[in-house]
Structures are given as structure tokens and as C-alpha cells.
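Start from the sequences, fold in the hints, and give me the full structure.
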Amino acid sequence: MKKFASAAVKAALSAFVLAGAVPAAAQTLNLAVGAPVTSLDPHYHALSPNYAVADMLFDSLTAFDAQARVEPRLALSWKPVAEDVWEFKLRPNVTFHNGNAFTAEDVAFTIARVPTVPNSPSSYGIYTRAIQRVEVVDPLTVRFHTNGAYPLLPVDLGQIEMLDSETHANPATEDFNSGKLAIGTGPFRMVSYRSGDRIEYVRNDGYFGARPHWQRVNYRMITNDAARTAALLSGDVDFIDQVPTSDIAKLRGDSRVQLSEADGLRLIFLALGHSHETNAPYITDNDGKPLGRNPLRDVRVRRALSMAVDRQAIADRVMEGASLPSTQLLPPTAYGALPDRQVGRADPDGARRLLAEAGYPQGFRIQLNGPNDRYMNDARIIQAIGQMWTRIGVRTGVEGQPWATFVARAGRQEFSAMLVGWGTSSGEPTSPLRSLLATVNPQRGWGGSNRGRYSNPAMDAKLAEALQTLDDNKREALLREATTIAMDDVGIIPIHIQKNIWAMRRGLRHEARADELTRAQDVSPAQ
Amino acid sequence: MSVYLLRRLIQAALVMLAMSIIVFVGVYAIGDPVEILISPDADQAERARAIAALGLDKPLWQQYFSFLGAALQGDLGRSFVFNEPALKLIGQRAPATLELAFGATIMAVIVGLPLGLYAGLRPKSFGAQAIMTGSILGFSLPTFWVGLMLIMVFAVQLGWLPSTGRGETVEILGMRWSFLTWDGLAHMAMPALNLALFKISLVIRLTRAGVRETMLMDYVKFARAKGLSPTRVIGVHVFKNILIPVVTVVGLELGSTIAFSVVTESVFAWPGMGKLIIDSINVLDRPVIVAYLMSIVLMFIIINLVVDLLYSVLDPRVRLESK
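In order, the protein sequence lines correspond to chains F and W. The first sequence runs 1 to 527 under full-length UniProt numbering. The second sequence runs 1 to 323 under full-length UniProt numbering.
Partial list, derived from the structure: chain F residues whose beta carbon lies under 8 Å from chain W:
1. 44
2. 173
3. 226
4. 431
Residues of chain W placed beyond 12 Å of chain F at every Cβ, according to the derived structure:
5. 2
6. 113
7. 121
8. 229
9. 303
Mimicking SDA-like on lysine to any residue, the simulated pairs with C-alpha atoms at most 20 Å apart in a straight line are:
10. W/58 - F/118
11. F/250 - F/321
12. F/250 - W/156
13. W/88 - F/118
14. W/58 - W/35
15. F/250 - W/153
16. F/79 - F/108
17. W/88 - F/175
18. F/180 - W/174
19. W/88 - F/172
20. W/88 - W/69
21. W/88 - F/179
22. F/180 - W/175
23. F/250 - W/158
24. W/88 - F/193
Since the hints were made in silico from the structure, they are not lab data. Model, not experiment: these values are computed from the prediction. Just so it is clear, CB atoms sit at the ideal spot from N, CA and C, and this is done for glycine as well.
In C-alpha cells form, the structure reads like this:
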């Protein structure tokens, strides 16, 4: 009883103290994200929620602005000084949270550490692999020697957060999580991290860039969509990300909250199976008998399947406006995207004609597979497409399953048509061209996620040329040509590009980012 | 007694062994953790490196035996996702779940026993009818829905309680507990109630049935005839006899709440073990799944043991023997 009473007194006192300290509370941002963070080690697990959290503590040489264009951060400028050498000039007078200076030695140290993190399930080493040698010219100049011309280096280095060669001499992932080594140059310092629950930050007042508004940040993880929205509506948090599409209309009508949105970089598309010449899985004629040759290897059939999809209807009805219908890899304004490519209307009659031309006047049967827990409304999208395909005579069965099982089967080419998503965090088209559409080639590292085994030598040639071209304008032209070839050949069927939607209490302002990252430095009070 | 304990321990070891084999084969059958964890940008060489780094390139039996070898030395492996020892992760999450489960169980006993007693003693009264009807709701409403409704009413509409998450914590014995702070209790109230609803109904029904049966027994009549006060008859003689089924069920319920409060923990963003296991299953984080399920098996066996020991305290006729 005594304990209880003293607790009550304490609570009353703390309420009093809190009430007296309004300015402090006004400088605290409580935000909740939907995707769990797995590690504070910025090089352990290449995953965008981890990158968002690391980007509050650390800095990279280059960085991406809200529209995913490369901008200077720890590096002030960069240029190729030879075909295979990039020179980066570093920002002077930058210090880590513990006072150590940031210099070229730290860059060399970080690049060496990235590929060697033990037990990493997905290494950031894919972004440093092109670097053969790091040459420290002087404390503020560093040169990267690459294997042949490598135009993507400034883009790749945007993913690599810089560590301190002294502080992080022998870093273990646990020491980042405990806070001992979570020391960067970034706009916030870490106070505490509770796995699966929250990260607490305080502002780094010595930050070289724009000083964030918030003195303290509680970065919470609330994975359940309904609970995250409820936390915002009850005022427990000020800001949430990944607003589910079913809540958008309700939140727009609520005077207490407002939304921010940006066209994203995550493409939702259908991959079609090319690898089976005959008897492709889940494809039969209308009587359920094997069809012989694989109809998906005929470009007319692929084109018909793409024409049958009413992308606008999916955006309006299934996505409730939270998507941008697309027939290419990136939003039309991105580097290397096709600015004039029209989405066009669904054309079921034209699709039927093309099918007849290809020798399938009566259509055939197919199964469309997809995950049901991975992308926004994924299972509902494949249901809608199944109906659209059935309307042109391709009788479509639909099966959604958990990502864990789906992705394993998709990798074994057990599906002929499948819905997948692709997030292009770099904001330029080499990543989807190289991983999704290029011919599978382990030596070159191409086609790593080309689950349908699409192959087009003309596209491969353009891509190879682009990857050797340092001139940004020439490269952009080549990438556009490669994209056009692949899209005209319907290597994949793009459906839409997701919009990223955040919600916040009224009175806040947020710079919505194309790359889905949720960072406290992008939020400020509206003025 | 010691033979009895030994047998139970051997039993426990065998069940844990079987569990680990099932998880290994199960995860292997579902898919490949690397496919899920790896960045989509990774190429074939990086995939091969990740598979080797996690030890998944070896044949399954070899992976299993190296796990078993380490497990015998108390090392159940490192999480693929967090790069921390699986047991440490479970240990970090355990206090949150334990306090929630105990909170719910205590609530169930404190609320359920008196209500059940009342319903059993005055079965015809209006109050008893109302209690029994209410308990049907407690059984049948889905936890998920009740949780969201609680949040909508008490957090969003009324603003009395925080909607989600765990409150302020106090560190005791190196673990963080929230039931010792006012803020922590406020955060705990709704999830604990949500978990307790089903248990309250269960305890009410068990108590009521027990009371109605016992009240007709000869020894109760005799006690009354002897002139003992009603309080003593009910509080001591009846009560002691109805407790055996209640203790059994509450014990098992406590176990399943600790192990499987997944739904409540996700709805309330409660950073406990239930959330850890469901997240781990989603990404096939095998070391965590194995370590978790093995600890749960161990826990159930211990709870059963404690329940058995409690029987012998409550009813001296019960002997702890192996048949």
C-alpha cells in the first residue's frame, strides 16, 4: 500500500514536472514506423529500414535527396580523374559524436570493413565491390580505383555510412546495438535501442548540416497497421509511415491529422516465365491438357496480357489512389526514365486480336501467383488482374501465399506468371535493368532477380555499353534505349509504382521521400 | 520423488530434441532464409557468400549436428537477422511477455474466482445469470477484435490509456520491468485485460461448476450440521476442493499465454517474445525459432511439474509417483 501510494505521488509529481516543461515536450518527436529495424550496425544487413535508422546516426559520402537524386554529404565534390579512377573531395571540419575528426583514412577504413562484417545475411559489399583500391591522397582527398570505368560509384557510395577508423577499430554488431559504437557524424546521437520496440535519439548539436528541429526523438516500431494508425489518432505518436490504403480516406477526413505523399520508386510488376520451352508450369489449354510450346515466349501473347490490364482501375479501386499506373521501370521524371511513354487505356479487344494472331483464339489457362503479405494490397492486385486476363480468354487462377514460401518457389522457377515488386533505391534504371531484365550471368552478376529468365541480347548490349559510359547524358540515353527495348519486348509487365504515404498530427511538416525512408530530420513544425 | 523428477527431466530432453528436428526440417521445407533476407540488388556471388556465411551451404544433417554439438554446450546459435545469440534475444524479450502473462493471470484469478463463487452459490440470481452470459462473450470474441476495440475506446475516444507499446521500465537483475512504474502499468492495462478476458471466463465457469458440485457433498452438509459458520464452510472446505481443477487450468493457460500471446502483442505493439517469434517465422530466422520453441517446451514441462507439486499440497491424497 505504501509503495502504491508513493508511486501515485511520483506519478502526480512527474505529471507536474511534465506540465511545467512544455517546451521540452514540444521538442520531442514521437514517430512510429511499420517495418522493424534489425540492426544498428550500418553495414550488417542491407535493408532499407536499417538504412533509414543508420542515416540519422551516420553519414555517407554522397546522399540521395527527396527525389532520389545524388547530392553531396560528407563529400563536397567528385569527378573521374581517369577512366578507372574517381576522386572525391571531403568536407572539412566534420567530427564524429565523440569528437574525432572525419578524414580520408576513415573512408579507406570503412570501405575495407564493409565486405568483412561477419554473419551478414545481406552485405553492403555489393556497393563497394567495384572498388579495387582506395588511395588516400591527403586528409581531405580520396581516390577510388575501379576495375574499368564504373560510372555508378557516386550512386553506390550513397549506401555506405562512414565509420571512424579509431573508434570502430574492432567493431562487433552487438556493440552498435548496445550504443557503445553507434557513433557517427550524423544529425542525431543514439541514446538507447530496444530491439523490436524503439530507438531513442538526441540531437547532435555539432552537426555540420541543417540542424534538425527535434531535441529528442522516439523512433518506435509498430508493425500492425491498425495499431499504428490508432497510435497516431490517440496522440501517442506524432507521425507514422506506411499508412494502409484502407485508412487513407478516413485520415484525410480527420481534422486532427494530415498526410504527406511522394511518388515512390517501388515498381509492382508481373514477371513471366520464359525458361520452359514447352509444358510451362500452371499453363494448360482450356480442357486442362498440356499446351505444348510455352505461349509466354511469344511477344504477342505477352503484349496481349499487358494490354488486358486496366492499370487505372487498379490504381483507383484497389490502391485507392496510392499508386501511379506505369508501363516502365521508374516514374517518368527519374534519371534514365522514359518521359514520353504513355500508360494508355486497357484494350481487351486488341488483346484478343493479338492472342488470335499468336494462335490462341480461344485463349488458354494460366495461374497467376503472388505474395499476400509483402506489398501494398498484393493479393488483391493479382485477383483483379486474374479477372482482367480471364476477360480476354486467358482463364486465370490466382494464388497468393506468404512471401517466405512464395519467394523460394519463384526462385526455383515453379511459376509461369508472378507478381513481384522492385524498389530502386538508387533512383536510376541500372538496378532493375541489371537484376530483373538482363540475361542471367553469374560472372557479370547480372539477372540476380530475373525469376522469369527473360533474355534479350540487344538489351544486354545496350546495358553493357551504358555501364562503361562515364558521361551522364550519354549514359542516360543508352539506359533509355535499353529500357525501351525491354519494355517493347514486354520482358516484364509493369503495373504501377507505389506512392509512399505518411500521416502526422496537424502542425507538422514532412518532406516526403521517394525512397520510402522515414527519418526524423525530414519532419519539422509547420511555420 | 527424485526418480519422479529424473523421469520428467529425461522426458523434457527428448521432447526438446524432437522439437529441434521438426523445426530444422520445417524451415528447410518452407524456404530459404537467404532469399528473404538478402537485398534484391544482390547478385549471384553475394547470394553464395550470404548462404555460406549463415552456414546454409552444408547438407541439412550436417547443419543439424553442428547445431546439436553447440547446443549441448549451451549455445543455441546466433540469429540470422539480428546477429546476436538467439537465447540473448529471447531473454531480452522475456520480461515483457512474462509480466503481461502474469498480469493477465492474476487478473483472471482475482476477478474470476469471486464471480464464479457467487454464480455457483446463487445460481438462480440475476447477477449469476449476467455473469454467465458475460463469460460466453469472453470465450467467443476474437482477441484481435477486442484488442482493437479496447484501443479505439480507451485510447482514441476517451484518451484514458496509452494506445500501444510498453511504458517506462525499471532495471532489476539486468532485466527491464515495467510493472513497477505508473506509466508501465498504464501501458500494461489494456493488453493484460485483453489476454485476461478468456481466462476470466474460464475461471468463472470452472469455479461455478466446482462450487455447485461440492455444495451437495456430504462433508459440506456435515460441516454445516456441525454448526460451522458459512464463511468457514465456503472459504476453507469448499474452496480448497474446487481449487484443483482451477490450478491445473490456470497453470496451463499461463504457459500458453507466455508462449503464444502473439496476437495481443502485435495489436498492442508489445515488444515481447510473441512478436519475436512471429517476426522470426516470417523471415525464417531458424536459430531463433529453434531456441524459442525449445525454451517453450522446457517451460511447459516445468509448469506441469509445478502444477503437480501444487496438487500434492492442496490434496494430500495425491502422490507424486510414476505409475
